[in-house]
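Read off the chains here:
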Amino acid sequence: MQMNDSRRIGAPRDVVWAALNDPEVLKLCIPGCDSLEMTSPTEMTAKVTLKIGPVKATFGGKVTLSDIDAPNGYRISGEGSGGVAGFARGGAVVRLSDDGSGATLLAYEVDAQIGGKLAQLGARLIDSTARKLAGEFFETFSAEVSLDEPVAGPAIELVEAMPAPEVDAAGADVAAPDVAATAKAKSGWLKRMFGAKTMVLLGLLGLSYAALHVCCVDGSHDALAGMVICGGVAS
Amino acid sequence: MNDMTPTRAEREARLEGMGCKRKRVEDVRFTQGKGNYVDDIKLPGMLHGDFVRSQFGHARIKKIDASKALALPGVLAVITAEELKPLGLHWMPTLAGDVQAVLADGKVCFQNQEIAFVVAENRYITDDALQLIEVEYEELPVIVDPFKSMAPDAPVLRPDLDGKTTGAHGARKHHNHIFEWSVGDKAATDEAFAQAEITVNHLISYHRTHPSPLETCQAIASFDKVKGELTVYGTFQAPHVIRTVASLLSKIPEHKIHVVSPDIGGGFGNKVGAYSGYICAIVASIVTGRPVKWVEDRMENLSTTSFARDYHMTAELAATRDGRVTGLRVHVLADHGAFDACADPSKWPAGFFNIVTGSYDFPVAHLSVDGVYTNKAPGGVAYRCSFRVTEAAYCIERSMDILAQKLGMDPADLRMKNFIRREQFPYQSALGWEYDSGDYHLALQKAMDTVGYRQLRAEQAAKREAFKRGETRDLMGIGVSFFTEIVGAGPSKNCDILGVAMFDSAEIRIHPTGSIIARMGSKSQGQGHETTWAQIIATELGIPADDIMIEEGNTDTAPYGLGTYGSRSTPVAGAAIAMAARKIKNKAQMIAAHLLEVSEYDLEWDIDGFRVKGNPERAKTMKEIAWAAYNAPPPGLEPGLEAVNYYDPPNMTYPFGAYICVMDIDVDTGVAKIRRFYALDDCGTRINPMIIEGQVHGGLTEAFAIAMGQEIKYDEIGNVMGASFMDFFLPTAVETPHWETDFTVTPSPHHPIGAKGVGESPNVGGVPAFSNAVNDAFGFLGSTHIQMPHDAWRLWEAARRLGV
Numbered sequence: 000m001q002m003n004d005s006r007r008i009g010a011p012r013d014v015v016w017a018a019l020n021d022p023e024v025l026k027l028c029i030p031g032c033d034s035l036e037m038t039s040p041t042e043m044t045a046k047v048t049l050k051i052g053p054v055k056a057t058f059g060g061k062v063t064l065s066d067i068d069a070p071n072g073y074r075i076s077g078e079g080s081g082g083v084a085g086f087a088r089g090g091a092v093v094r095l096s097d098d099g100s101g102a103t104l105l106a107y108e109v110d111a112q113i114g115g116k117l118a119q120l121g122a123r124l125i126d127s128t129a130r131k132l133a134g135e136f137f138e139t140f141s142a143e144v145s146l147d148e149p150v151a152g153p154a155i156e157l158v159e160a161m162p163a164p165e166v167d168a169a170g171a172d173v174a175a176p177d178v179a180a181t182a183k184a185k186s187g188w189l190k191r192m193f194g195a196k197t198m199v200l201l202g203l204l205g206l207s208y209a210a211l212h213v214c215c216v217d218g219s220h221d222a223l224a225g226m227v228i229c230g231g232v233a234s
Numbered sequence: 000m001n002d003m004t005p006t007r008a009e010r011e012a013r014l015e016g017m018g019c020k021r022k023r024v025e026d027v028r029f030t031q032g033k034g035n036y037v038d039d040i041k042l043p044g045m046l047h048g049d050f051v052r053s054q055f056g057h058a059r060i061k062k063i064d065a066s067k068a069l070a071l072p073g074v075l076a077v078i079t080a081e082e083l084k085p086l087g088l089h090w091m092p093t094l095a096g097d098v099q100a101v102l103a104d105g106k107v108c109f110q111n112q113e114i115a116f117v118v119a120e121n122r123y124i125t126d127d128a129l130q131l132i133e134v135e136y137e138e139l140p141v142i143v144d145p146f147k148s149m150a151p152d153a154p155v156l157r158p159d160l161d162g163k164t165t166g167a168h169g170a171r172k173h174h175n176h177i178f179e180w181s182v183g184d185k186a187a188t189d190e191a192f193a194q195a196e197i198t199v200n201h202l203i204s205y206h207r208t209h210p211s212p213l214e215t216c217q218a219i220a221s222f223d224k225v226k227g228e229l230t231v232y233g234t235f236q237a238p239h240v241i242r243t244v245a246s247l248l249s250k251i252p253e254h255k256i257h258v259v260s261p262d263i264g265g266g267f268g269n270k271v272g273a274y275s276g277y278i279c280a281i282v283a284s285i286v287t288g289r290p291v292k293w294v295e296d297r298m299e300n301l302s303t304t305s306f307a308r309d310y311h312m313t314a315e316l317a318a319t320r321d322g323r324v325t326g327l328r329v330h331v332l333a334d335h336g337a338f339d340a341c342a343d344p345s346k347w348p349a350g351f352f353n354i355v356t357g358s359y360d361f362p363v364a365h366l367s368v369d370g371v372y373t374n375k376a377p378g379g380v381a382y383r384c385s386f387r388v389t390e391a392a393y394c395i396e397r398s399m400d401i402l403a404q405k406l407g408m409d410p411a412d413l414r415m416k417n418f419i420r421r422e423q424f425p426y427q428s429a430l431g432w433e434y435d436s437g438d439y440h441l442a443l444q445k446a447m448d449t450v451g452y453r454q455l456r457a458e459q460a461a462k463r464e465a466f467k468r469g470e471t472r473d474l475m476g477i478g479v480s481f482f483t484e485i486v487g488a489g490p491s492k493n494c495d496i497l498g499v500a501m502f503d504s505a506e507i508r509i510h511p512t513g514s515i516i517a518r519m520g521s522k523s524q525g526q527g528h529e530t531t532w533a534q535i536i537a538t539e540l541g542i543p544a545d546d547i548m549i550e551e552g553n554t555d556t557a558p559y560g561l562g563t564y565g566s567r568s569t570p571v572a573g574a575a576i577a578m579a580a581r582k583i584k585n586k587a588q589m590i591a592a593h594l595l596e597v598s599e600y601d602l603e604w605d606i607d608g609f610r611v612k613g614n615p616e617r618a619k620t621m622k623e624i625a626w627a628a629y630n631a632p633p634p635g636l637e638p639g640l641e642a643v644n645y646y647d648p649p650n651m652t653y654p655f656g657a658y659i660c661v662m663d664i665d666v667d668t669g670v671a672k673i674r675r676f677y678a679l680d681d682c683g684t685r686i687n688p689m690i691i692e693g694q695v696h697g698g699l700t701e702a703f704a705i706a707m708g709q710e711i712k713y714d715e716i717g718n719v720m721g722a723s724f725m726d727f728f729l730p731t732a733v734e735t736p737h738w739e740t741d742f743t744v745t746p747s748p749h750h751p752i753g754a755k756g757v758g759e760s761p762n763v764g765g766v767p768a769f770s771n772a773v774n775d776a777f778g779f780l781g782s783t784h785i786q787m788p789h790d791a792w793r794l795w796e797a798a799r800r801l802g803v
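Chains as they are written, first to last, in numbering that gives the first Met the number 0: chain R, 0 to 234; chain V, 0 to 803.
It should be emphasised that the hints constitute simulated quantities derived from the structure, not laboratory data. C-beta: ideal position from N, C-alpha, C; glycine also. Careful, some of the hints might be misleading.
Claimed, not checked - Okay, derived cross-link-like pairs now, EDC-like style, lysine to aspartate or glutamate, Cα gap no bigger than 20 Å in a straight line:
1. K586/V with E596/V
2. K61/V with E78/R
3. K462/V with D667/V
4. K416/V with E299/V
5. K67/V with E135/V
6. K50/R with D127/V
7. K55/R with E133/V
8. K55/R with D127/V
9. K584/V with E596/V
10. K50/R with D126/V
11. K55/R with E596/V
12. K55/R with D296/V
13. K61/R with D33/R
14. K46/R with E133/V
15. K61/R with E135/V
16. K61/R with E133/V
17. K55/R with E299/V
18. K622/V with E9/V
Said to hold, decoys possible - Residues of chain R clear of chain V, computed beta-carbon distances all greater than 10 Å:
19. D4
20. P22
21. A69
22. G82
23. S96
24. D98
25. K131
Turn these sequences into a full structure, and let the hints guide you.
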């Protein structure tokens, strides 16, 4: 798959870069992120709880950063297992550039594979969920990092609306975000931001799927060609 | 005689025998939600089992850690291959002579393969426990494309077969090769091609799909430790075979195994085989001493138990320029998945695919089939068709259209020119079958006349011109399909399953008051046996169908039979019913002669009893004879009135039909609208026209699904995609076209009542009719063959590639 997109973030590039490398920010922005821990300057472990259609799972995974080119971008790659729900592996190249008006353009290219039950859910559901999750990530990230907006009010609303604590039949064991804690974390963010934290993950840019069905018009093609599936979650 | 005496017509009507549109008696309970399916059965103390399944298409299993699951309150056992090994049950034989892992033995070969079986107090705890079992995998390279399976450097999918150069069906030429099967005269066929004025050659793929019955596969095993008896309730299309296999595997004597198939919610071939769930439920019940239920969910059903098709057929026709076919040559690459678990009669690794000469008089033909392993689910069942017959019909019917296109000939005319003629029956085909009866020219002519075929072609020609002028964006396609099925497996001389000959059976018992209980070795999954079997008996014995109780599925009471699939019930069990009834009738005639004090040769049968020839006033009804059979039999004759028959058919039966589909395709959206679908079926003698019509409607709807979208796909890393009804196309009333049905009647000369079987014909004939219509619509734009399934996306893509 290629899930390629870009976002305008209302903050200078070095601010965005620092945020992209701050585990606290990322933990806040990744929908369903339960924990995020650095294990080395370029490695970390993460836990993310996701619900896609009938499958809900907590993905535990390892994330690695490479091709680091501060403050212009990096490649993150990772793989995670969601137990019976399946697995995911893949990566994303993130590029930052100035948009000329003091803001930053964040472009990302995701390539990923998913397997197990998640993959079996089929194209439509996974594609739309991936886009939704990516959308949520950047809405929150943008609200967190942007200097255009006042820091307090709207961001909290966004957070409230965010990690989709969908109540499933078995009972809501996806914890709703602690709004108070979030607000507290936010207040200290600008300060921490310049505190030279290194690294961390961008997560979960999404799962996507692009089936390139091939139809034989001239009869010469390989019968099974064209069932190419891509999709992924980087957690 | 007075006015109250019923007329002969009234007596006949009261029987509701053969030919009557009798309403389905089983529907009384089904339409009220009172059916009794496996999942309705709840035994005291019953536990629930479910599987941990592989996430990967191909991987080594490094470790299974079940400790957390076992610590969960309510979990009784977690069974893995290690636990099954001491019992010798970690592998099981398949119907095709291969073996299949019951639980993964160190390695998984397809996604969702069974790894461990969790047994707990209820389904909720079972599901929770599944999440707690940790499996460590080491991924291995995956093969999903059968064309890559036999590459020299292809990974070894089945190390358990390492070094075995011979399989159940002869030599293996590669480590992922299963068998090669060939039939026909190769030299003569090659010669026909060398001499041919014109030839066509095309790869025709029939994609992987699934029978997808609404009720999934399920079982309950209950082992009585005191008596040493095992009872298994299950969704079994062949309950007796399951009993025999269970006995052979478990070493429990067969008389101590009770297999019961209650009501079944559709089978279509999916419920023929033996699955890991059955074995694990049985083992779990023996281990725990409590009943254990296993019920597949939808994704498990679509992704693990018995897929269908996945045949990649390279078909060649040789012909003269005026359209006389002189030879057929076919090679099939058959993708059997990770284990060869095809449900074919044991000697037929490619089923009856050698019916691929279809309805045509081809002088020579040659067929070879290579079966290969891939990292996909095992199966290859006959999804609403006799063994591999729908693949064969699709192959030849597409090929005939491709040839017609090359010759510039009308496809119906090409068929007419090559049909086996009526006077050629019984007809010996070039690939070894003896067709019993048929009148193909009559059937196709009737179909063409009814739909106004020539007018449709004229309309199509005009529409094509309009399309070229840009006046319309619709393509009109006319699909002609003429199929010959081969059903009723089968004669013991060439058909068996694991050594069990494919006879079937009936036991009929008339009670003193003249009502009947009858039991068969067949097992309805919705076919309406309770209705139609009673109709055969009603006509044969003169007892009203409403006074006849039909019972199937209990191996303790039913005579041994091979079950219901491959349209074998009417040709085999139906024949056994007629033969058993005739045994009873012979005895009844002796009793009637005694009662009427005449010689039995002076009696003749008359609707519902015997009457004295030339003196019709003197007669005894079957009811009167039944009472006398128990209470006043002739001296020296044993009392009672019952009979059993085991029927070993002398030949298969060969139903046929002519289908025509008219379709309009919007090239801008790819949406195909079925304007008209006409299906003429000849299934020989018709037992219940209403049930036949229902069967044809159902089979056509499944054919429509398969041709127009239904598919089990795999991605390149072995994920099975869309194994849910969100993606797997199951048409509802909204999508399903209107069906027109029609018939001719050419009885089978060797069947006791001349019936041939019909349940699967519409699937066999329907798929090529839809696909031929699609291809016919696009043909004038320069395409020769568009692969199935023909969903809107692919049709739109075809239009785009053809530049329109």
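Now for the hints, and whether the structure bears them out:
Between K586/V and E596/V the CA atoms are separated by roughly 15 Å; this keeps the pair inside 20 Å, and the hint holds. For the proposed pair K61/V and E78/R, the alpha carbon gap of about 18 Å is at most 20 Å, so the pair holds. The hinted pair formed by K462/V and D667/V meets the criterion: a straight-line CA distance of about 16 Å does not exceed 20 Å. Taking the CA atoms of K416/V and E299/V, the gap is near 47 Å; set against the 20 Å cutoff, the hint is violated.
This hinted pair checks out: K67/V and E135/V have alpha carbons roughly 15 Å apart, not beyond 20 Å. Pair hint K50/R plus D127/V holds up; C-alpha atoms about 16 Å apart against a cutoff of 20 Å. As the CA atoms of K55/R and E133/V are separated by approximately 17 Å, the hinted pair is consistent with the 20 Å bound. Only pairs whose Cα atoms come within 20 Å are accepted, and K55/R paired with D127/V is accepted, the gap being roughly 12 Å.
Proximity of K584/V to E596/V is assessed by CA-CA distance (about 18 Å); at most 20 Å being required, the pair is judged to hold. A threshold of 20 Å between alpha carbons decides the hint, and for K50/R with D126/V the separation of about 17 Å falls inside it, so the pair holds. With a C-alpha separation of about 81 Å, the suggested pair K55/R and E596/V falls outside the 20 Å cut-off, and the hint is violated. The straight-line distance between the Cα atoms of K55/R and D296/V is roughly 17 Å, inside the 20 Å bound, and the hint therefore holds.
Proximity of K61/R to D33/R is assessed by CA-CA distance (about 14 Å); at most 20 Å being required, the pair is judged to hold. Simply put, K46/R and E133/V have alpha-carbon atoms about 17 Å apart, close enough for the 20 Å limit, and the pair holds. Using a Cα cut-off of 20 Å, the hinted pair K61/R and E135/V holds, with the two alpha carbons roughly 16 Å apart. Between the alpha carbons of K61/R and E133/V the distance comes to roughly 17 Å, so the proposed pair stays at or under 20 Å and holds.
Between K55/R and E299/V the alpha-carbon distance is near 17 Å, which keeps this suggested pair within the 20 Å criterion. Among the hinted pairs, K622/V with E9/V is consistent with the structure: their alpha-carbon atoms are about 17 Å apart, no more than 20 Å. With a cut of 10 Å on Cβ distances, D4/R stays outside the contact zone with chain V, its closest approach being about 23 Å. The claim that P22/R is not at the interface with chain V holds, since no C-beta of that chain comes within 10 Å of its own (minimum 27 Å).
With a least CB separation of 34 Å from chain V, A69/R remains clear of the 10 Å interface cut-off, as annotated. Non-interface call for G82/R relative to chain V: violated, since the shortest CB-CB distance, roughly 6 Å, does not exceed 10 Å. The non-interface label for S96/R is consistent with chain V: the shortest C-beta to C-beta separation is roughly 34 Å, beyond 10 Å. No beta-carbon of chain V comes within 10 Å of the beta-carbon of D98/R; the shortest separation is about 37 Å.
At the 10 Å boundary, the C-beta of K131/R stays outside the reach of chain V, the nearest C-beta of that chain being 17 Å off.
In summary, the numbered hints that this structure violates are 4, 11 and 22.
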